[in-house]
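J.: Here is what each chain is made of, one letter per residue.
Number of protein chains: 2
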Amino acid sequence: MTDRVQACIDENQDRFVEELKQFLRFPSISALQQHDGDTRACAEWIKDHLGGLGFEAGLIEIGGKPIVRAVRRGKSAKRVVIYGHYDVQPEDPLDEWKTPPFEPTVRDGILYGRGATDDKGQVFAHVKAVESLLRTEGGLPCEVIFLLEGEEESGGDALARYVKQAKDELKPDAVVVSDSTMYDANTPALTYGLRGIVALEFIVRGPAADLHSGAYGGALANPVMVAAQILAACVGRDGKILVPHFYDDVVPLQDWERESFRKLNFNDAALAKELNVPRLHGEPGYSTLERLWARPTFEINGLHGGYGGQRSKTIIPASATAKITCRLVSNQDPVRIRDLVVEHLRSVCPDTVRLEINEFGASPPVLFDVNNPTIRAAQEALRQGFGRETVFIRCGGSIPVVSTFVEQLGCPVVLMGFGLDSDGPHSPNEHFSLDSFRRGTKAAAHLLQTI
Amino acid sequence: MTDRVQACIDENQDRFVEELKQFLRFPSISALQQHDGDTRACAEWIKDHLGGLGFEAGLIEIGGKPIVRAVRRGKSAKRVVIYGHYDVQPEDPLDEWKTPPFEPTVRDGILYGRGATDDKGQVFAHVKAVESLLRTEGGLPCEVIFLLEGEEESGGDALARYVKQAKDELKPDAVVVSDSTMYDANTPALTYGLRGIVALEFIVRGPAADLHSGAYGGALANPVMVAAQILAACVGRDGKILVPHFYDDVVPLQDWERESFRKLNFNDAALAKELNVPRLHGEPGYSTLERLWARPTFEINGLHGGYGGQRSKTIIPASATAKITCRLVSNQDPVRIRDLVVEHLRSVCPDTVRLEINEFGASPPVLFDVNNPTIRAAQEALRQGFGRETVFIRCGGSIPVVSTFVEQLGCPVVLMGFGLDSDGPHSPNEHFSLDSFRRGTKAAAHLLQTI
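Residue numbers (my numbering), protein chains in the order written: chain U, 62 to 512; chain Z, 62 to 512.
Treat the hints with care, as some may be off.
[Claimed, not checked] One-sided and incomplete, this derived list gives chain U residues near chain Z with beta-carbon spacing under 7 Å:
#1 G279
#2 A293
#3 P345
If you are wondering where the hints come from, they were derived from the structure by calculation, not from laboratory data.
Note that CB positions come from ideal geometry on N, CA and C, so glycine has one too.
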């Protein structure tokens, strides 16, 4: 990044923050119908803002909330898609906000407001990076296409449908996603792996109705006990998953990854304290970060059967229902894993009950090669923007849109986040450090110049 | 029983049935406040009826519904307490009754009405037995004390409190309880064993709140999985309870009991079909009747943790709660068993979570010596009344008032039931065979003459 781009970003910072505040004032809560007008007004505003920067900007109406699409050609033939979302989470609980969620306020260098970090602040860093490049360099180094969706927080699929439709015209050299986090306040990070997920439920059905436990206790299998025995046969007490062949396709951690994670000095005791558990626990032979980022899980999300009220009720429950999700890592195939789990559930279920299995969604894990030149360019851009070494991290969660980009566009996806988990996305008093906003803007500018 | 007693019962049967219908017309539903007046009117009616037979009859007001107490001396110094209850279950679902629940109706020799079998019909058999003895023999062979409570169906403790208070003046030689069943329509039965019960719940507490299963999955123990693992460590897949020393004090089945149960030709396949389960299941080495009547159980009554709605929610639940009841058999001590279970739960629970245990009620099992002369007299009385061999059975459930009699009065308790489970106690179209009513009256008369 040239000195004049840096200087432009520094000199215009106050105005950039005022403009970001305008963006944040829209209560673009996509989950709430009464905010449909606000959500659309927000889309119009950021579209017009990009139009004002010389972008060919429009709203793509494909069902659901409009997608803001803004294109501007650059000096090179390279094309970069910048992804983000302009919708936000609901604001409740409202009475826990120190200042109103849609009246953005700066206190001690921190900007408070719904959407500050997730995702308007991060999107706007890219917008202001583009503006600064145009002001100082007279054009963009490469073609930039903004794709800003309006239903990320409400589980819509408009963007995925659009990307599938438009993949032949989009054909980018890279996608940049700023909807993730740094490792910590002092450590910029590139996320090179996301876990996949597969979801299902099983129902153990016993007698036609709850039975009197005195009259019938001892005569038949208790469906809740059978469910417990099935689940105990899926994960050992040591944390190892017992489903045969479950780990077969897992890409083992490489030495540099284990070393790199180790250097992050993750504090197990601090997390245990934060979560209020006696101690952490998981698959033996792996550190906490390794388990979170690079190992699959078998998690019970819910288990319900029989009486749940006060004190006691003397019944044998008629059934029990267990909800299961497995987080997956490369190269686990969600469909194969689901089949293995279903087969295992059936094999450990006794013939004294009936077992019903319902399959829900599945999405694949993602793992990028950190030696890809685009990823390396992003690493250098973050180093330039933040003035600190950038670490490679993975993420325990799943970002479905990233899988869509990987599957449909087949190009590198850069996950460069400027926020922090502690910024309170989805919580009251969501905020974004103005220092991170400025440094993120510089990193974004640098990336476009070197990608 | 003399021929003239038999003849008296046969000759007066029509009147007895008409009087029983009067008893049944009171909607003495103790659980429903709007029927408090009806319940009291019913108590007054049966009290006055016994008064009309020369009993010194009154209502004991000890809090809760009144207890009908009626005493009449007899020729011998022996004293028999006859226990029953004049309250009934609510009548709903009302639209499933073929004739109104409180308009008793005879169809094909069967008397339909709420309370017909549970327990007014059975109580009235004893009342009419006493009347027949007085008419034909000029007096009672022994002293008889009726104790008829009005809150058996609503879980009141007035009778238990009264028995504790009055145990020194009551001091009976035997208590007769007709609130149970025959083995089947053709087989009168004496119940010589009841299971006890101990109830508790445990709560596995993990993180302070539900956590995102992507962000945290793999870092900590899942409380629902821990609950499942704990439960699976309590009962083996073969049905054997794994709590150490759980079976230590169980009185083994005697050869005559196994032989006697075997002769009852219990049909496993029929029960499996009735309950709609693929097959029955339980502790290895015991028949179904043996498991139901003479073996203890460890039953999950309910297990709840995490998400229970539609489809999927990607959380690690904060906690899981399991409700447990164990049915006990002689000589298991409920307090010792509870201590063993609690100790086992604590010993198998890992230190990755916090375990909370809440203890609820406990009541001891009951097992009578079938060679006791009173029990033998009752066996002969049933044989005389029903003209068939009487079998000795046990009951998988618990009747708390029987434990109270055993503990407070220390005398034999005769559990002679004239009803059937298929009479529909607690269900619409409750009924009682008039043939059983007549035979039960004869059996009751014979018992008082020979006890």
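J.: For which of the previously enumerated hints does the structure constitute a violation, in increasing order of number?
T.: The structure conflicts with hint 3 only, although it agrees with all the remaining ones.
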